[in-house]
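So the protein lines, in turn, are chains A and B. Residues in the first sequence are numbered from 17 upward in steps of one, following the working numbering. Residues in the second sequence are numbered from 292 upward in steps of one, following the working numbering.
Treat each hint with caution, since some may be false.
[Unchecked claim] Under 10 Å between C-beta atoms, here's a sample of chain B residues computed to sit facing chain A:
(1) HIS293
(2) SER299
(3) ALA306
(4) GLY308
(5) VAL318
(6) ALA330
(7) ALA342
(8) ILE371
It is worth saying that the hints were derived from the structure and are not from the lab. Idealized CB from N, CA, C, for every residue including glycine.
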Amino acid sequence: MSAAAWGLVVAAVVMLVAAVAVVTSARLVRTAFWLVVVFLGQAVVFLVLGADFLGWVQILISIGAVVVLVLFGLMLTSTSGTARARIGVPASSGWRRLGAAVVAAGFGALLLVAGLSALPEPHLDLEAVRRERSGGAQAIGQALFSAWVWPFELLSVLLLVALVGALVVSRRPGEPAGSTEQAPDQDGEG
Amino acid sequence: MHAAFPLSIAATVAAVGLYGALTRRHVIMLLLSLELILAGANLALVTMGVAAGHPSTGYIFALFVLTIAAAEMGVGLAIILLLFAHRGNADLTTWTSLRGGDIQGRTPVDAAGGERR
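All chains, full assembly: derive it from the sequences and hints.
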């Protein structure tokens, strides 16, 4: 195997291990940092697969924006010291965990079978795809503004709607615009 | 390299994300698990694009999914923070208003009058 293939294998395994850590870690903040590892591994896999632009955009958006957003969300929803004990499933629900594992395994197997059967020739030519340079900023930009220009414009509208929607949702009713900060525990449970 | 390896990693990451979404009790962990599912989907898209001989199509689809994931995260967190402000906790198992019957606590749509108590 070439160096690129080894890089892909290592990054993909790191990504998988970090993904397992995200769903099993008992500390909230650590899951966010394990998610950083998942995204870094994914970015390395993207780079090996020739997606230069996508790999760096992945680091910028997923780590720079999504994980930071998650960390803010964690800070805003931390109740007290008991929050740590509350994030797993209750100890009594081993059946639920088992059921979730069975469903997830079936889901993964289905995805794998569907993906493999969709490919006529399931072979990755890593050297050729790097030689083609179809993942650089220039090639991506040309494709984005020629064949994919309508989905691209639609996506910009979607981002605008999401921005406005998030603002509207996070504003308390009856409050003037601009003061979106909220006291987390003003009305308790029950 | 055979395409089965990255595809199986992608499927496993998505399956792990689904497991997390089904078992975690904290709402933000639910969002993180959804991010994992989208990460697996993205990896599968890029792999399939390269294996099918149209790499740029896979790249662009992955770019679109990445953008939609970021938008989903923003809106999802806004909704979650609002629900958290109403509920006072972030435990999904206590958010059972839609189950009917055993409603604990105030629901965010009380003001709209559309919620059965």
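Going down the list of hints, with the structure as the test:
| no. | hint | result |
| --- | --- | --- |
| 1 | HIS293 | 6 Å, holds |
| 2 | SER299 | 5 Å, holds |
| 3 | ALA306 | 3 Å, holds |
| 4 | GLY308 | 7 Å, holds |
| 5 | VAL318 | 7 Å, holds |
| 6 | ALA330 | 6 Å, holds |
| 7 | ALA342 | 5 Å, holds |
| 8 | ILE371 | 7 Å, holds |
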